[in-house]
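Engineer: Sequence:
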Amino acid sequence: MVVNILDYCLHLLRHYGLDSTNSKQSGTAATAATAYLRSYGRRAAMIVLSSAAPALLLLLQQVPIMHGLEFPKSVKDEYDEEEERLVRLFEGATRSVVSVQNVETAVSKVAMKQTVVAEEDVKVEGIGSGFIWDKFGHIVTNYHVVAKLAMDPSGRQKAQVSVLGSDGKITVHEARLIGLDPTRDLAVLKIDVPDDRLVPIPVGTSNDLRVGQNCYAIGNPYGFQHTLTTGVISGLGREIPSPSGKPIPGAIQTDAPINAGNSGGPLLDSFGRIIGVNTATFTRAGTGMSSGVNFAVPIDVVRLVVPRLIVFGTSLPQTSLTERMAAPSLPTAREGVAENLYK
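The sequence shown begins at 12 in the working numbering and counts up by one.
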């Protein structure tokens, strides 16, 4: 590290042809410190470097501002390429990610047909995430995001989906619940919007994932829409609890930051393809904050379940949607136990 700093100072001298007294002193000091480091070790070099610090600072001040601090071209290009790739990934995927709001109206569905519901009569009870599955308006999210809607006999619970259009504007649409599977914490909503506002998310695979692979989460943590977080796949084949009480096997573990509101959003690979549905996190005892141990339902499971939810309303043909709605409600989160992210 010290050698790199000193070599960089010498590079500036040569590159800009600085020949003032201060520059010459800086060059002499940098050369001496580099030689000491290579010959006598870090401690001796640091002593020389500290004595030459004022001259080195003057050297850096003489570098024309318009040039900035130049890094080796290969390192800078690599950094720029990685940054640009991540920007493109986000821009390509963000229109496929939606916000799912649970709202409660002050009147029932029957009353709503006879009167206009004022804005103050609608209360937002929570925000989750989801993603566009196809051009027909199907939205995939977690079951626990829409559990109140699924269990509501009064008709006061409603789901609203916010969609980002190509014009940069977000439009809000009322959604219908058409399928759910509490055992895998998955649900499908449907919205009626022009298909030019719908950008289905590219679907990848999860059976070929490897620990250490980069991954990215896009969602709406704490209501902040279209938030990108990055991490790696930390583990595979995990088992996490589902809202029905049965375990979900084969879950993906990641350290990509995931918080309340990320539930139902996509976990992406480096190509912007969805590889999992963000579902649960371990929380730090007594804080409710994510510990960095987060989980997603693998996309290979989602690909099998979602078509059944769209056609039958359930992943089990012999079970009706009404029966699935009667599934057990969400388990109470406990410290040190995987906690559903929706709040």
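Rather than coming from a laboratory, the hints here were simulated on the basis of the structure. Worth double-checking, as some hints may not be accurate.
Unchecked claim - Cβ pair distances, simulated, as ranges:
no. : residue 1 : residue 2 : range
1   : Pro258    : Asp145    : 40 to 46 Å
2   : Pro213    : Gly166    : 17 to 23 Å
3   : Asp203    : Ser177    : 17 to 23 Å
4   : Gly303    : Gly179    : 31 to 37 Å
5   : Glu185    : Glu102    : 39 to 45 Å
6   : Gly176    : Phe235    : 16 to 22 Å
7   : Arg221    : Lys257    : 25 to 31 Å
8   : Arg96     : Gly234    : 27 to 33 Å
9   : Ser165    : Arg99     : 44 to 50 Å
10  : Pro164    : Gly246    : 35 to 41 Å
To be verified - The calculated lysine-lysine pairs, modelled on DSBU-like cross-linking and capped at a C-alpha distance of 35 Å, are:
no. : residue 1 : residue 2
11  : Lys146    : Lys180
12  : Lys257    : Lys159
13  : Lys146    : Lys159
14  : Lys257    : Lys146
15  : Lys159    : Lys201
16  : Lys159    : Lys180
17  : Lys180    : Lys257
18  : Lys201    : Lys180
19  : Lys257    : Lys201
Virtual Cβ for every residue (Gly too), placed ideally from N, Cα, C.
Engineer: Now, for every hint given, state plainly whether the structure supports it.
Structural biologist: Right, here's what the structure says about each hint:
1. Pro258 / Asp145: 40 to 46 Å: violated (29 Å)
2. Pro213 / Gly166: 17 to 23 Å: violated (36 Å)
3. Asp203 / Ser177: 17 to 23 Å: This hint holds: roughly 18 Å between Cβ atoms.
4. Gly303 / Gly179: 31 to 37 Å: Holds - the Cβ-Cβ distance for Gly303 and Gly179, about 33 Å, lies within 31 to 37 Å.
5. Glu185 / Glu102: 39 to 45 Å: violated (28 Å)
6. Gly176 / Phe235: 16 to 22 Å: holds (19 Å)
7. Arg221 / Lys257: 25 to 31 Å: holds (28 Å)
8. Arg96 / Gly234: 27 to 33 Å: At roughly 28 Å between Cβ atoms, Gly234 and Arg96 fall inside 27 to 33 Å, so the hint holds.
9. Ser165 / Arg99: 44 to 50 Å: holds (46 Å)
10. Pro164 / Gly246: 35 to 41 Å: holds (40 Å)
11. Lys146 / Lys180: holds (19 Å)
12. Lys257 / Lys159: Distance of about 19 Å is within 35 Å: holds.
13. Lys146 / Lys159: Answer holds: Lys146 to Lys159 is near 26 Å, not above 35 Å.
14. Lys257 / Lys146: holds (32 Å)
15. Lys159 / Lys201: OK: Lys159 and Lys201 at ~17 Å, within 35 Å.
16. Lys159 / Lys180: holds (28 Å)
17. Lys180 / Lys257: violated (40 Å)
18. Lys201 / Lys180: Distance of about 20 Å is within 35 Å: holds.
19. Lys257 / Lys201: holds (26 Å)
The structure is inconsistent with the numbered hints 1, 2, 5 and 17, although it conforms to all the rest.
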